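Trainee: These protein sequence lines are chains A and B, in that order. Following our numbering, the numbering of the first sequence begins with 1 at its first residue and continues without gaps. Following our numbering, the numbering of the second sequence begins with 1001 at its first residue and continues without gaps.
Derived from the structure by calculation, the hints contain no laboratory data. Remember, it's a predicted structure, so these values are computed and weren't measured experimentally. Cβ atoms here follow ideal geometry from the backbone N, Cα and C, with glycine treated the same way. All the given hints hold, so there is nothing to weed out.
Some but not every residue of chain B turned toward chain A, in silico, with C-beta under 10 Å:
(1) D1096
(2) L1161
(3) P1162
(4) L1165
(5) R1166
(6) G1169
(7) L1170
(8) L1172
(9) G1173
(10) L1174
(11) L1181
(12) S1182
(13) L1183
(14) P1186
(15) A1187
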Amino acid sequence: METENLTVYYGKNAGVRGVSLPVYDRKITALIGPSGCGKTTFLRALNRMHDLNPIVRIEGRVLLDGEDVYAPGVDPVVIRRRVGMVFQRPTPFPTMSIFENVVAGLRLVGIRERDRLREVAERSLKAAALWDEVKDRLNDPAVGLSGGQQQRISIARALAVEPEVLLMDEPTSALDPISTQAIEDLLGELKEQVTIVIVTHNMQQAARVSDRTAFFLDGEMIEFGPTERLFTNPADERTEAYITGRFG
Amino acid sequence: MNLRRRYLRDRIMVVFVYLGTLIVLLPLGFILLHVFTQGIGALNWDFFTKPPAPPGEGGGGMLPAIVGTFVIDLMALAMGGLLGLGGGILMAEYPDHPLNRPLRLVANVLGGIPAILMGLFAFVLVVVPMGGFSAFSGSVALAILMIPIIMRATEEVLRILPWELREAGLALGLPRWRVTLSLILPAARGGIVTGLLLALARAAGEAAPLLFTAFGNPFLSFDPLGPMDSLPLKIYVYAISPYEDWIRQAWGAALLLALLLMATNYLARRAMRRG
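Could you put together the complete structure from these sequences and hints?
Mentor: Right, here's the structure in full:
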């Protein structure tokens, strides 16, 4: 996946300007930058989550396997199946059990075979490192779980439809340190199966988990490179100022 | 100002608040008590199982009106519920849909129209083309009465749900209608049921929209295309009659209707708490 000169307008203002970013397969790309720098706006443009907002206008291209996801005739529903998303706050579906939550993306498009759903649920929950904690209570309501477990439910649910890319918008910012640790550990394993783009406020997190990092400021991508290089030897002085904590 | 005076002022204000509450509750309590004492004598086995008797003969009951109330109101709920839900969903889930502005206007106007005009509207729309009074036309009148209530209640309960819930569904690659149907509506079920029941309670107490639609019928009828009786209609007709036993039965019907509406309201509150 990659973007070419991507610009996102909110009404007349550009929230993201001219960003060209390659997202490497089976790697973790972190987007960092101060609040309001456009990293979440950029992330949401990747799977057309802005479509519902009529004041948002997109220019430039977002390529998924070489094809523009904004090309005419492309169904955003199909794109979102291939490019999943995990949000800042855990979003378990309130009326559903743990099991129903995880397989919601399959069940609600008409896949009903019990065996297949069970198998997908087990695989997804294992991938989200949650299986051992919930395997004996799959039919309990998902809202009864802790915040960290709910977030891993959200991850398992996103994985269940087998996306090629998983977008994560500050997935640990609402969680305690132990749950955060659990999810960070998980990311390293997940990247074997799926390409990950993660927005984070936490620079240490970006440094710990990602392979590549992009630094955003005021809607523009200032710098992009291998995470280690960007954090130890930033090319741009603004990047350096940010990662050394002089602003933000 | 010292502490004692502040305590004193506090007490006085509390007394005022209680007094105000009492003044508001008093008429309500009086009405209920009066209906109860006047109506309880008319409620007997015949009242629930017999058709009405001619004036002066005594006896007789409200069976056709009781049955008719349920038939007319449930048909109205089916129609008004469907349209009201649809409108509410459109306004809450598709806020930018071009139909929303006219829809909101219609809801506001309908909400302010006197109930008797709903009857007139249904008369022109259904009774005249179909060539006669019918339970169905009465249901149409009541449904129109329900629509704005249901629409607004639905819109409100759907708006309370976090937007993230919809995005979470969409991010799974679910189409929008599926998100609404399988994620949003179940999450709002309690509030929606409450809205439906409150609308039902509101419409079920109305006599005016039924006067020249359902019209009334002294015989037990299940035919939605023929005239049918209903408790509010019966109360109206019996209460203004000169016959003592009819007036007594009007009180009985009033008590029964009040009890039914209170039960509906109670169920509505309960659905809200559950949801």
